[in-house]
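Visitor: Letter by letter, the chains look like this.
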Amino acid sequence: MEASNTIKITYREALKQSLREALQKDDRVFLMGEDVGRYGGAFAVSKGLLEEFGEERIMDVPLSESGFVGAGIGAAMAGMKPIVEVMTINFGLLPMDQIINNAATLLHMSGGQLNVPVVIRMGCGIGRQLAAQHSHSWEPFYAHVPGLVVLSVGTHEDARGMLAAALESPDPVIIFEYTSMLNMEMEIAKDVPELGISKAKVRREGNDISIITYGTGVHKCMEAAAELARGGIDAEVIDLRVLRPLDEETFLASVAKTHQALVVEDAWCSVGFSAEIISRIMEKAFYELDAPVKRLCGVEVPIPYPLHLEEASVPQVKDIVNSVQKTLKP
Amino acid sequence: MSSSSKKSKTLDPEKGQHLFYQMLLIRRFEDKSAEQYTKGKIRGFLHLYVGEEAVAVGVIQALTEEDNILSTYREHGHALARGMEPGGIMAEMYGKQEGCSRGRGGSMHLFDASRRFFGGNAIVCSHLPMAVGMALASKKQKKNQITCCFFGEGAAAEGEFHEAMNLAALWEVPVLFVCENNQYAMGTAIQYSHAVLEIEKKGAAYGIESTAVNGMDLMAVMDATDKAVDKIRKTGKPYFLVCNTYRFRSHSMFDAELYRDKKEVEEWKKADPIPAFQDYLLKQKLITKTELEKISARVDKEVQEAIDFAEAGTWEPLEDLTKFVYSEK
Ligand SMILES: Cc1ncc(C[n+]2csc(CCOP(=O)(O)OP(=O)(O)O)c2C)c(N)n1
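As they're listed, the protein sequences go chains L and B. Counted from 1, the first sequence has number 227 at position 227 by UniProt numbering; the numbering is strictly sequential. Counted from 1, the second sequence has number 291 at position 291 by UniProt numbering; the numbering is strictly sequential.
In isolation and in its complexed conformation, chain L is listed as follows (with noise of 0.2 Å):
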């Protein structure tokens, strides 16, 4: 890549500028959320568009989670295309019953008549010291919803460039956003490549083994891979991106060439997404591992709010280091 053709940007920034770009391209795009408008977003994501696009597009809205994400759906069923943002995930659970009963479920209910292009950005994950009811990485449960389909923001590049796919979708969008990430800067093509949302990248292309992951995973993925090189370890790191539907190609694509395989996650282990993955190489490359299939989750345990215990919650760069060696050098 030529140094001219690419910028430095946070993720932030990469994701305030696919709203402002969403905003200006159509005006049936609007984002309403909590304090959004007049805070400046309670990330600073939005910060500067209430000023630039006026109440209209950037709306407020009250404490009605419920509420609010269902009138997201009713606006876009009536030819709006509304971005709502649930502040975190860890509200999320207020408006679950219009995602799942409403959003994702009327295009079938109705035989077909209804569709629902609603987007919903939640900011996600754990690791700010916040304790159990705000560190939430809770991408399975609505990864098991037929009907939505399911990103994860887990590289500045698809901070940049998800959003515009996900106005594109017919059906509801969920995007989960990494709230740990916002002020971890980047360098990213000026024009992003369009990955689309129906496939899973390699970050990074390697042969001993396959490191599968996605959300905050993929950073400290990357992390522990350039680790292990100097250790000799050339590992492949896939980054999930869209967790439904899943894209199984890519993945299976690369056990069938390293043999070996770790799923990483935030996510509390049983029933979390790595079940999910292992039981597809189970049941479709069974025949090409070399090893059993490894996983590494996050602790079954509320998140506790002192430092050492959370960071002892979820999985850490040398946790994946120290699993990957043993793994190939038992």
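Hints are computed from structural coordinates only; laboratory data are not their basis. Owing to the predicted nature of the structure, the values given are computational and were not obtained by experimental measurement. A portion of the hints provided could be inaccurate.
As the list claims (entries may be wrong) - Calculated pairs, DSSO-like style, for lysine-lysine (alpha carbon to alpha carbon, straight line, at most 27 Å):
#1 L:47 - B:262
#2 B:41 - L:318
#3 L:284 - L:318
#4 B:263 - L:47
#5 L:294 - L:257
Unchecked claim - Far from chain B by the CB rule (all over 12 Å, computed), these chain L residues:
#6 22
#7 64
#8 74
#9 133
#10 203
The beta-carbon is built from N, C-alpha and C at its ideal position, and this holds for glycine as well.
Given chain L, put chain B with the ligand in place with the hints provided.
Guide: Chain B with the ligand alone, transformed into the frame defined by chain L:
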């Protein structure tokens, strides 16, 4: 903001001084917490109660030790007014195992079952239905016990607020709903959250007796709460008290306060409940200058002791990470 303090016949010097002490303790404890946050000693979210002290102190003085209290993530004031140890609260915010929730909860999750202080809830409005349930249990067990539940005006826009109000009225349970209307839900001013700005009117829709009071005026809050509590104990029915107040500091430590004018904050600071109550005590000769100084010195000492206690605290060992997920039999 009305400035008239209703004179209460029952305020003796001892009680007046104690209430003053409680408000000052909350104020200085909160200021110190902000300091500890900037030093990185306290992490995560920190929501301070500065400016709203008269509400916690005025309401909780009307309760007995048998009554239940539930609160939000902005609950240090309620915990202190309930008599929880400042050291235990500070240690909690440091994440030390000597904290009132063993360090597991931090600032937003203060608990003390022995004092019937049931948290510290960080999901807006999520404790209101629980409060109704606790009051239902008191009713079923024929206990003379009130459940008092604090929340902000932002919470009154949630569905759970309306469900809880209706259930409480329908079941006729002894719950005191206290709405601390500090005019803002994060950066959203009340007029952008509510179609009807007089929050107390929402009680009437459910047939719940409701009052609004100047929450910057300790005597007014006390008076209104005493009456409300009296009513609840007599009738067993819910009561809705709205305390109109203001938070002097930002919503949390992550807030750039883009949504309000500094002048507005300065204007409200003129109604600061602490100097107002101090003046009242002096005028009524319920306190002397020397006694005031003594209280001030005592508060400073206790806040410093809380810091020392937290500093000396210890970290819970890693092996205990998965403790308290299920009850130990
Ligand atoms: C269900 C839910 N939605 C959003 C939030 C994020 N949040 C935390 S406090 C707050 C404002 C609440 O305002 P209010 O109820 O008036 O209480 P105050 O903070 O002013 O005391 C918001 C939006 C949350 N914690 N829970």
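Visitor: The structure should be examined with respect to each hint, and the outcome stated for every one.
Guide: Hints and how they fare:
Restraint check for residue 47 (chain L) and residue 262 (chain B): satisfied, since their Cα atoms lie roughly 19 Å apart, inside the 27 Å limit. Under the criterion of a C-alpha separation no larger than 27 Å, the hint pairing residue 41 (chain B) with residue 318 (chain L) is consistent with the structure, at around 26 Å. Taken as a hint, the residue 284 (chain L) and residue 318 (chain L) pair is broken in the structure, with Cα atoms around 30 Å apart against an allowance of 27 Å. The straight-line distance between the Cα atoms of residue 263 (chain B) and residue 47 (chain L) is roughly 22 Å, inside the 27 Å bound, and the hint therefore holds.
Proposed proximity of residue 294 (chain L) and residue 257 (chain L) is supported: the alpha carbons are some 17 Å apart, at most 27 Å. Under the 12 Å C-beta cut-off, the non-interface status given to residue 22 (chain L) relative to chain B holds; the minimum distance is some 23 Å. Against the 12 Å criterion, residue 64 (chain L) falls within the reach of chain B, whose nearest CB is about 5 Å from its own CB. At the 12 Å boundary, the C-beta of residue 74 (chain L) stays outside the reach of chain B, the nearest C-beta of that chain being 16 Å off.
With 12 Å as the threshold on Cβ separation, the claim that residue 133 (chain L) sits away from chain B is violated: the shortest Cβ distance comes to roughly 4 Å. Distance check for residue 203 (chain L) against chain B: the nearest CB is about 30 Å away, which clears 12 Å, and the non-interface claim stands.
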